[in-house]
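Peer 1: Heads up: the protein sequence lines correspond to chains A and B, in order. Residues 6 to 505, numbered by my numbering, are exactly what the first sequence covers, in order. Residues 580 to 638, numbered by my numbering, are exactly what the second sequence covers, in order.
Since the hints were made in silico from the structure, they are not lab data. Glycine included, C-beta positions come from ideal geometry on N, C-alpha and C. A few of these clues could be false.
[Unchecked claim] FRET-style restraints, in silico, Cβ to Cβ:
hint, chain 1, residue 1, chain 2, residue 2, range
1, A, ALA213, B, SER603, 33 to 39 Å
2, A, GLY22, B, PHE609, 41 to 47 Å
3, A, GLY393, B, SER603, 47 to 53 Å
4, B, TRP581, A, ALA45, 54 to 60 Å
5, B, PHE609, A, LYS218, 44 to 50 Å
6, A, LEU481, B, PHE596, 40 to 46 Å
7, B, PHE609, A, ALA45, 53 to 59 Å
8, A, THR328, B, SER599, 49 to 55 Å
9, B, ALA600, A, ILE175, 44 to 50 Å
[Unchecked claim] Calculated from the model, a selection of chain A residues having no Cβ within reach of chain B, i.e. all distances over 10 Å:
hint, residue
10, ARG55
11, ALA88
12, PHE91
13, PRO102
14, ALA106
15, VAL157
16, PRO240
17, VAL245
18, LYS286
19, GLY299
20, PRO318
21, ASP408
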Amino acid sequence: MTGAAELDWTALSVCIGFFALVTIMGFAASRWQKGTADHAHLDEWGLGGRNFGTWITWFLVGGDFYTAYTVIAVPAQVFAIGAQGFFALPYTIVVYPIVFAIMPRLWTFAQAHGHVTAADVVYGRYGSRGLELAVAATGLLATMPYIALQLVGMEVVIKALGLTGELPLIAAFAILALYTYSAGLRAPALIAFVKDIMIYIVVITAVAFIPYKLGGYSAVFDAAGKAFALKPPTPPSGLVLQASQYWPYATLALGSALAAFMYPHTLTGIFASKSANTIRKNAILLPAYTLLLGLIALLGYMAHAAGIKPATPNDTVPALFRTLFPSWFAGFAFAAIAIGALVPAAVMSIGAANLFTRNIWKAYVNPAVTHAGEAQVAKLTSLAVKGGALLFILFAPMQYALDLQLLGGLWILQTFPAVVFGLFFNWFRAPALLLGWAVGFLGGSYIAYMDGLKPLHTVVVGGASYTVYVGLLAVLANVLVAAVANLALRSTGAGAPRTA
Amino acid sequence: MWVLLLLPFLGLLWVPFYNSASPSLFGFPFFYWYQLAWVPITAILTWIVYRSAGHGDEP
């Protein structure tokens, strides 16, 4: 870390003020947007009553998909390696045509049958407990390290304010856990309004004011280009990609885009929408956040132009803000990032809690559980999930969280065929999809592990070698195995899907 | 009309096409402004598909 950042009282007061505001909103949220429906129902706690319209969904999914960790990590990567770190931009552009084509169908199917999770949809479609469990367990496994990473984002900011020790982080997380417990998805939905507006203010100010201070965008790019020219040739860095980075760049963008809306937290935003058209409109409107992300990424280059020397790449953005902004605005910006961690962390814990309740508790422990019982199990699970993430960050090396989150992307991508194919075709059967999932999950994890937990793997095809995102490779194997197994199955007539 | 949704994939995943510093625009190298330009283009393409499928009149 930056070590002895001095305690900045102005920044700290502004930050605590906004934190107090969202805490009050979080607890008040249980009464917001509440119809006459019974509150003791998982649809209420876990999906906000399935009644979020276009604007609420826009703020919620925007606040939930573009996490605090993104605001810290994307500029950090761009600072460290340049163009390759910018793959987050094509990723968050091509994700929306995918959402537009798939998610309204998923919503319609889930709504018609009262499904709350992706694993519910899979069980509803195929009637296979095995495939349901595979999807649910993968979702839980992929979400846990993601929650832990939100804590990393918060920790970076707390340290930049000059606070030491773990107490501020524990306190912030305990408050979050309590209002999520009491208000459910309504809490992050309401807080997302504040968080997103704050982030927009910070970023628009930053991308206008910082280049003005540093001599314009040409000066910013020039300074970054010069910094990269002085770096050793490996790992490759620069303002544009090297030819060896073409495949990694494109496959990381595509693979991440396919995986993005398979996560429980992004799907929770989808299931909570009021209508299929709410989702379509959001696929058109959400790219506004992508524009914001592209500008946030450029903060990495601005740090070069400002001569920032962060202790670790993750300190790039806080160090830049502390150097160039007056205290009160730095405090506002840090509050935006810290609150930016709360929204996704809350939705992730709710998504994980919904999965555990519906697809593990109800499926295996207590099939006769009532609606009120489901809501109670989910609320307790959300507490347990957040407690687990906190313990993980406090006691395990941070590298574990980063490695697991990387594997999490690979894992969640393996649920894509099981969740999506059944919405469009009647051809695939559950045992074949389960076998494909197992091959993708285990094979992909094995390859990533053998490569030293790197996201990229080099394959040789016909004498030429290509370096590609291992998750995309694994999902190709997944689909291929599923298709072959399905051909074999169909000749025996086993495992046919239910009619929708 | 659905084929319009494939254009962002072609435009962004064929990396050598845009991997250059020039021509620059407002100080941004081509690599950056080209990709940023795809954000509104993709939104507009999606909107065209949305209108043509008649979803504009749904709730």
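Peer 1: Determine for every hint whether it applies to the structure shown.
Peer 2: Each hint, compared with the structure:
1. A:ALA213 - B:SER603: 33 to 39 Å: violated (19 Å)
2. A:GLY22 - B:PHE609: 41 to 47 Å: Distance hint for A:GLY22, B:PHE609 holds at roughly 43 Å.
3. A:GLY393 - B:SER603: 47 to 53 Å: holds (48 Å)
4. B:TRP581 - A:ALA45: 54 to 60 Å: Given a distance of about 42 Å, which is not inside 54 to 60 Å, the answer is violated.
5. B:PHE609 - A:LYS218: 44 to 50 Å: violated (25 Å)
6. A:LEU481 - B:PHE596: 40 to 46 Å: Roughly 23 Å apart at Cβ, these two residues miss the hinted range, so it is violated.
7. B:PHE609 - A:ALA45: 53 to 59 Å: holds (57 Å)
8. A:THR328 - B:SER599: 49 to 55 Å: violated (32 Å)
9. B:ALA600 - A:ILE175: 44 to 50 Å: With Cβ atoms ~47 Å apart, the hint holds.
10. ARG55: Fine: 14 Å to the nearest Cβ keeps A:ARG55 off the interface.
11. ALA88: Check fails; 6 Å does not lie beyond 10 Å.
12. PHE91: violated (7 Å)
13. PRO102: Check fails; 4 Å does not lie beyond 10 Å.
14. ALA106: violated (6 Å)
15. VAL157: Consistent with the label, A:VAL157 stays out of reach of chain B, its closest Cβ about 27 Å off (over 10 Å).
16. PRO240: holds (17 Å)
17. VAL245: A:VAL245 is in fact no farther than 10 Å from some Cβ atom of chain B, at 5 Å.
18. LYS286: violated (8 Å)
19. GLY299: violated (5 Å)
20. PRO318: holds (20 Å)
21. ASP408: A:ASP408 is indeed farther than 10 Å from all Cβ atoms of chain B, at 27 Å.
Hints 1, 4, 5, 6, 8, 11, 12, 13, 14, 17, 18, 19 from the list above are not met by this structure, while the remaining hints are.
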